[in-house]
Structures are given as C-alpha cells and as structure tokens.
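*Asks:* Spelled out, the chains give:
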Amino acid sequence: MKVLETDNSNKLMLLVARRSFVMCFVLLALLAGPYGHADDGALAIISNSKGAPEEMSISEMKDVFKGERQRWSDGTKVVIALMKTTTTIGNSTAQKLYKMSDQELNKYWLGLVFQGKAKAPKFFSSESELKDYVTETPGAIGVIGLISLGEGKSVLIDGNKSF
Amino acid sequence: MKMEFIVSFTILPFRELFEINRENERVMVEISRGTVINTASFLLLLSLAFAPDLGYGQEPMSIQSFVAVENNYDTRTDNLSFGFGEQDLLMTADLADKMSFLGETVFRYSSGFQIGVERIIVKYNYKGNHNILLGRRHTPLNYWNDIYHHGRLFFPTTSRPTTFTYHIIPIHTNGISLQGHNLGKMKFGYDVMLGNGLGSSSEMVDNDKNKSISTAIHVKPADGLRIGASIYKDKLASGAITRQGTAVRPIDQRIISAHVAYFSSSIEFLAETSMATNKDDSASANTMASYIYLGYKMDKLIPYIRYDYLDVGKEEMYYNNTDRYVFVAVLGVRYEVSYQAVVKVEFMYSEKETTGPSDVVNFQLAIGF
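Going line by line, the protein sequences match chains A and B. Counting from 1, one number per residue, gives the positions in the first sequence under my numbering. Counting from 1001, one number per residue, gives the positions in the second sequence under my numbering.
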C-alpha cells in the first residue's frame, strides 16, 4: 500500500516538474522571441524611390543581388549596396542571401567583375551610410539589419518585411 | 588615387577607314561590312557625348591585378625550375549611364618580356540585359575562355587545357558583338560576334575581306549549372597565317563547341569539347579537342582531376599536326587561402605522339587584389 502511495506521489512530482519546465520554456520563448529573431540576423531590403519594385519574390531578389539584372523595369541602372563582409550584417547577408561564406562572396564578385559581366557592389562599414547612399542613388538597392530599418520602408520579400 | 584615362577614336570617311595600305598590297574591305562597324562606333560615341556627366573622380576607375608564382619539376629531365606567370592588370570604368569600359593587359615572359593587350571592350547597355560590345575580347566560344580569361586565381587547375595550348579555338577576336545574359527563367545567354577572324599577322588589321562569325548560346537552368554551345565560322584567304605556316589555298573553318559546367558548394564539374573542320579545295580535316575536370570541395581544400584529349586530323591544313594526338592527365589539389590567394600543387602526365610520355609536378601560387 505504502509502495503504491510513493509511486503516485513520484508520478505527481514528475508531472508538475514537466509542466513547469514546459511553461518556463514557453515563457522564455515568448520573451526572447522578437529580440532573438533580430539577433539571429533578420535582414531587410531597402531601395531608392526610383527603380526597384515595392515587392519581390525571394528568387527575384537573389537574381538582383547576384548581379544578374542590369536594369529595373523603368530603365534605371541596378546599383547594389552591401555591408562589408567583415561586419555582422555583411556576414549574415553572405550566408542568408547568397548562401556563401564571406570569402566565397568576395571571390564571387571579384570573378564577376573580372568577366566583365557586372559592376561590383558598393560596400559600406555602417548601415547609416548605406541607407544614405541608397536614398540618394537612383536604382540603388541594399541590405540592412531589420533593427536598423526601424519604421522605415522596405521592399517586401514574398510579402514579408524581413528574411 | 585619381587617374585619368583617355580613350580616343579616329573617325575617318568609311572608304578611307577601310582602305589599308600594307606595303605592296592594298586591301579594300567591303563597304557594307564596314558600315555596320562604323555606324556602331558612331552611335557609341554619340551616346557618350550626350550622356549625363558623372563627375570627375566620383565614379572611380577600378584597377585590379592578378599574378601567379610558378615552379615546376620535370621528372624526365630531373630539372626544377622557378618561374612566374603573367601579371594581369584589369581596368574597369563607367563612362556613362549605359556605357562602360574594360581593359585587360598582361605582362608576361616569352622569349623576352612582352605586353599583351588581351581585352579592350567598350560596352553599351542598350536595353535590359542586352549589350553591344566593341573592341577586342576573348572569343565567346567556350566556358573557359568566357569565364576565366587570364586570371590564374580563378583557374581550377594551374594551366589551361590542351584546347588552348594547341590553339584549337581562336582565343581573341577584334570586332563587334551583341550580348545578352540571364534572360528568362532559364537564364538564357547569347553572344553574336563579327570579327577580323584568323590569318592576320597583325592584331589590328584584317588580312582579308572575310569576317569571322561567332555565335554562342547558353542556359543556366539551376544554381551553378551552365550548359552551352557555340559555332565559329571563318574563311582564310590564301597566304593567311596558319599554325603550320601560310595557307596555300583558301581555307573554310568551322568550329563547333559545347560545354557543361556545374560548380556547387561541394562538386565542381566542367566538360568541354570542340570539333574543328578545316576544308580547302583539295582536302578536309576534322580535329577534336576535349577536356573534363572534376573537383570535390572540402571547405578550402579541393582535390581535382583533369583529362585532356586532342586528336588532330590526318589531312589537317590549319592546325599544327606534328603531334596527331595528345593526352594529358592531371591530378592535383587546390587550397583557397583566401578569396585573394590560391595554392595549387599538381602532378601532370602527358603523352604526345612525337615526344612520348612526360611527368611534371607543378606548383602555383595565384593571387588577385
């Protein structure tokens, strides 16, 4: 009889411990959610008022940033602005957008320019400089961190503000 | 650093422009062909004249350099040689919104130090991804010539395949091209080039009124995959310079090439083949040159193999036919130190009809910045 009571109390303890663990995990996930996502390197696309469309698909975006498109549909020249690969956002851009390491991305552009097939992107050390350049340059399109975008306007990628 | 770069053009009347006085002969190029080239030059100049000013120093010219340090050890002669490869200078600049310039000049040692102008291209982007190219370029006939040019940093092996060393395809052409790339879902690309063609002793003057026509197409149906084909047609006048000396009779040349290239994060595969048919009024010869390259990428280390095969036609009247067949096998490893530096070590076995087998160990440090 005593053995049965001990078994039941152990089961109850286990159940409470499991539920508490799940609750804590859910709470932590809810609290860390938005910040964790941004820290994870969520990126946003910004563009000049001239040139780029308001929305693009992921594949269209990749084609543009790989230098495969010379002109926007309004005839403006495509100008690519990226953060330097030594920065966190630049590194994140290489991995998430290009699916390359920072070294591979640098070699990709070196090769493309060498072939005469594209013009090298403009690389920046700070996101504010990149944003200013995109604002001032017709046809410019660039990648920044979602945090830096703030309430600013971005090019929607498959309907989303970030990727 | 501010640099001034001046591109000058001389506009002459059509007739005068294409009448070339060469010692004892006077060559008159057909006006109809001349008109096409001259009109294109004129339109390019006109667009430059009316282009908005970009501002001096505000759109800087870019200069890049590519160099290779090379050593090789020949097991047959038991000889170790220290050398260096080409020093390649690449210049690019935007001349106007739709016009850009690319120049590639190479300094190399070949019986004395020499300077080679490899590419001089003025590009006019007339619509979307469609361009007109005027100048000297690598004939857009195969993948290697179109992608790697003279950059050892980009070569997957230390040297070019036999197709190049035996000049099976014309490496350079001076002329005018229409080019398009990444068109539609299949990322279709094309090149149509009208050029001076083969047979001239000078790079600047065509020896005859015949023009070469190069037509190349490719598609990129998946990331890293490119499949393409091309055809080159030229007619060499008698007396034209060939790889055997001079042509006794006029030669009709046709080169058909095809390639498949796949470069992913782990697999590197490249295969190309060219079939050249040369005909004169007494004989016809088929020469075939192929190579296949396979590499396996393990982060920065890439072990690779390459196999080249050349079969020169028995009745060949254009290519050097001292060796009717050449076979080359390469086994090597490439280490990508950074995007600016690559080290390659390879063992190359080659077999030629005249000289028999030979083994060479090649080392190359290629850099670009």
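By construction, these hints were calculated from the structure, which means they are not laboratory data. Remember, predicted model here, so these are calculated numbers, not experimental data. Be aware that a few hints might be false.
Said to hold, decoys possible - Derived pair list, reagent style EDC-like, types lysine to aspartate or glutamate, alpha-carbon separation capped at 16 Å:
no., chain 1, residue 1, chain 2, residue 2
1, B, K1185, A, D63
2, B, K1187, A, E136
3, A, K117, B, D1094
4, B, K1235, B, D1252
5, A, K50, A, E151
Claimed, not checked - Computed, partial: chain B to chain A, Cβ under 8 Å:
no., residue
6, A1096
7, M1099
8, Y1339
9, V1343
We put the beta carbon where it would ideally sit given N, CA and C, even for glycine.
*Asks:* Now look at each hint and say whether the structure bears it out.
*Replies:* Results of checking the hints against the structure:
{"no.": "1", "hint": "B:K1185 - A:D63", "in the structure": "holds, 11 Å"}
{"no.": "2", "hint": "B:K1187 - A:E136", "in the structure": "violated, 31 Å"}
{"no.": "3", "hint": "A:K117 - B:D1094", "in the structure": "holds, 13 Å"}
{"no.": "4", "hint": "B:K1235 - B:D1252", "in the structure": "holds, 5 Å"}
{"no.": "5", "hint": "A:K50 - A:E151", "in the structure": "violated, 20 Å"}
{"no.": "6", "hint": "A1096", "in the structure": "violated, 10 Å"}
{"no.": "7", "hint": "M1099", "in the structure": "violated, 11 Å"}
{"no.": "8", "hint": "Y1339", "in the structure": "holds, 4 Å"}
{"no.": "9", "hint": "V1343", "in the structure": "violated, 14 Å"}
Of the numbered hints listed earlier, those contradicted by the structure are 2, 5, 6, 7 and 9.
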